[in-house]
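Trainee: Sequence:
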Amino acid sequence: MTNHRAKRVAILLAAGEGTRMRSNVPKVLHTILGRTLIHHVLVATEGLGAEQRIVVVGAKSEEVVNEVTQFDKNIETVLQERRGGTGHAVRLALEKINSPDTSVISGNTVVIVIAGDVPLISGLTLDRLLDACNDPDVGAAVLTADVDDPYGYGRVIRDNENGILKIVEEKDADIDEREVHEVNSSVYAFHLGALKRALAEIKTNNAQGEEYLTDTIELIRKQGKKVIPVVAEEYFEILGVNDRVQLAEATAIMRDRINLQWMTSGVTLVDPPTTFIDVTVTIEPDVTIKSGCQIEGVTSIARGALIGPDTRLFNCVVGPDSVVTKSECEGSSIGRHAHVGPYSYLRPGVHLGDGAKVGSFVEVKNSTIGAGSKVPHLSYIGDATIGVESNIGAGTITANYDGVAKHETVIGDYVRIGSDNILIAPVEVGDGAYTAAGSAITENVPPGAMGVGRGQQRN
182 MTNHRAKRVA
192 ILLAAGEGTR
202 MRSNVPKVLH
212 TILGRTLIHH
222 VLVATEGLGA
232 EQRIVVVGAK
242 SEEVVNEVTQ
252 FDKNIETVLQ
262 ERRGGTGHAV
272 RLALEKINSP
282 DTSVISGNTV
292 VIVIAGDVPL
302 ISGLTLDRLL
312 DACNDPDVGA
322 AVLTADVDDP
332 YGYGRVIRDN
342 ENGILKIVEE
352 KDADIDEREV
362 HEVNSSVYAF
372 HLGALKRALA
382 EIKTNNAQGE
392 EYLTDTIELI
402 RKQGKKVIPV
412 VAEEYFEILG
422 VNDRVQLAEA
432 TAIMRDRINL
442 QWMTSGVTLV
452 DPPTTFIDVT
462 VTIEPDVTIK
472 SGCQIEGVTS
482 IARGALIGPD
492 TRLFNCVVGP
502 DSVVTKSECE
512 GSSIGRHAHV
522 GPYSYLRPGV
532 HLGDGAKVGS
542 FVEVKNSTIG
552 AGSKVPHLSY
562 IGDATIGVES
572 NIGAGTITAN
582 YDGVAKHETV
592 IGDYVRIGSD
602 NILIAPVEVG
612 DGAYTAAGSA
622 ITENVPPGAM
632 GVGRGQQRN
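Counting along the sequence shown from 1, when you hit position 447 you're at 628 in this note's numbering, and nothing is skipped either side.
Hints were generated in silico from the structure; no laboratory data involved.
Built from N, CA and C at the ideal position, the CB exists for glycine as well.
It is possible that some hints are incorrect.
Here are the simulated DSS-like pairs of lysine-lysine, each with C-alpha atoms no more than 27 Å apart in a straight line [what the hints assert, rightly or not]:
#1 K277 / K254
#2 K241 / K188
#3 K407 / K471
#4 K377 / K403
#5 K347 / K254
#6 K347 / K403
#7 K352 / K384
#8 K471 / K507
#9 K587 / K555
#10 K254 / K352
#11 K188 / K407
#12 K407 / K377
#13 K377 / K347
#14 K277 / K384
#15 K471 / K188
#16 K188 / K254
#17 K241 / K277
#18 K384 / K407
#19 K507 / K546
#20 K352 / K277
#21 K403 / K384
#22 K555 / K507
#23 K254 / K241
#24 K555 / K471
#25 K384 / K347
#26 K377 / K188
#27 K188 / K277
#28 K471 / K403
Derived DEER-like restraints, expressed as beta-carbon distance ranges [stated by the list, open to error]:
#29 N423 / G473: 23 to 31 Å
#30 N423 / F542: 36 to 44 Å
#31 N625 / E430: 56 to 64 Å
The task is simple: from the sequences and hints, build the whole structure.
Mentor: And the structure:
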């Protein structure tokens, strides 16, 4: 075996219609824990050192192309306009490899072919598969897995030298072949020359009238080349997502894998099966996450924070030693030693200072609440700025919308807003001021003053 590593090209197949998903969304654009299916696969190919990455797209190609180019604008895409099978899709991609604008040549080049719907595949496994083709006597390597229940998978039949003799689909397998538990993953590595010669000989005399990439295995053997198996270390790496059931299964496996990573890094998960953490989240040690939590998007949680139970964080920053319980927060930042919940809703643009509190049944939107200030319960705070160490009484509402535009409410430092207040924006309450309970504040309240905006009581 030569020690010289071949040039590498990665081809992702994302042209399938995904009819079993019963969705208007292309199959590869369904998401698992913060990334689309194809995004997960693209991440797995990142460290392979491929000179080219090519994605074959089909139905609703614009959406898939947008996803791919947002990931990396250097990835090329090819449109498969008709259903011609996996072999036809790979032939289209090979035309890109041969185009004049690429430095990749047909000589010592290895091509990996992978479906865009296998989100659990790892870069390490793909690297092992490609390395298997460094031997010039090997024409192809097939990623396989040993599974307890092989039903529905193509069976891998080995020859006397432990290479792959053939791959037999479930419907074509005889009784003995169906007893085989080593199955095909539909992830392959090929020497480019061997692949080209095999594709030139593929026939379409099958029930679908399509070119099957699996047919290349026998054709490459006829070239005198070996076809060898590379067994995945974890069976779930080969799992494809073709329907909502498999989407849920893959989500559960990835959830467990992510949760294990965080727990071994010093994060306490009280109930891992009910805790869902996106791959884009960062968490420091000594964070505790209770049951029923979803931590999503680009969220970061600092050391000592307590999250949950029953909490959702999306694109949030949570400071050290803060508490967020039974609440939903989106696009918000929460300072050190702050407290949110229970039953709070922080909408995008909220900034809580150190030691601030947003309590039960409080909604806050596009507002800054200063250090040590409290909105303890039953309030709506929108388009507002609240200074330090102020207290907002129960039932307070900032009336920020006049039917045409949003207006700002400014509340200074050390202010006491009475219960059941309506602050009709634009309005300012100065430092150290008070407002009486039950007031409708329509005019600015000077610093240190008492604002009273009640109607006259009649008995």
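Trainee: Look at each hint and say if it fits the structure.
Mentor: Results of checking the hints against the structure:
1. K277 / K254: Holds, at roughly 16 Å.
2. K241 / K188: violated, 32 Å
3. K407 / K471: At roughly 52 Å apart (the allowed maximum being 27 Å), K471 and K407 break the hint.
4. K377 / K403: holds, 14 Å
5. K347 / K254: violated, 38 Å
6. K347 / K403: holds, 12 Å
7. K352 / K384: Holds, at roughly 19 Å.
8. K471 / K507: Roughly 10 Å separates the two Cα atoms, so the pair holds.
9. K587 / K555: At roughly 23 Å apart (the allowed maximum being 27 Å), K555 and K587 satisfy the hint.
10. K254 / K352: violated, 41 Å
11. K188 / K407: holds, 19 Å
12. K407 / K377: Roughly 16 Å separates the two Cα atoms, so the pair holds.
13. K377 / K347: holds, 19 Å
14. K277 / K384: holds, 22 Å
15. K471 / K188: Between K471 and K188 the Cα gap is close to 48 Å, so the pair fails against 27 Å, i.e. violated.
16. K188 / K254: holds, 21 Å
17. K241 / K277: holds, 21 Å
18. K384 / K407: holds, 21 Å
19. K507 / K546: Roughly 18 Å separates the two Cα atoms, so the pair holds.
20. K352 / K277: Violated: K352 and K277 sit about 34 Å apart, past 27 Å.
21. K403 / K384: Since the Cα atoms of K403 and K384 sit roughly 15 Å apart, the hinted pair holds (cutoff 27 Å).
22. K555 / K507: Between K555 and K507 the Cα gap is close to 18 Å, so the pair holds against 27 Å.
23. K254 / K241: holds, 19 Å
24. K555 / K471: Measuring from Cα to Cα gives roughly 24 Å; hence the hint holds.
25. K384 / K347: The given pair, whose Cα atoms are some 16 Å apart, holds under the 27 Å limit.
26. K377 / K188: holds, 16 Å
27. K188 / K277: holds, 15 Å
28. K471 / K403: The given pair, whose Cα atoms are some 58 Å apart, is violated under the 27 Å limit.
29. N423 / G473: 23 to 31 Å: The hinted range 23 to 31 Å holds for N423 and G473, with Cβ atoms some 29 Å apart.
30. N423 / F542: 36 to 44 Å: holds, 43 Å
31. N625 / E430: 56 to 64 Å: holds, 59 Å
Violation of the numbered hints given earlier is confined to hints 2, 3, 5, 10, 15, 20 and 28; the remaining hints are satisfied by the structure.
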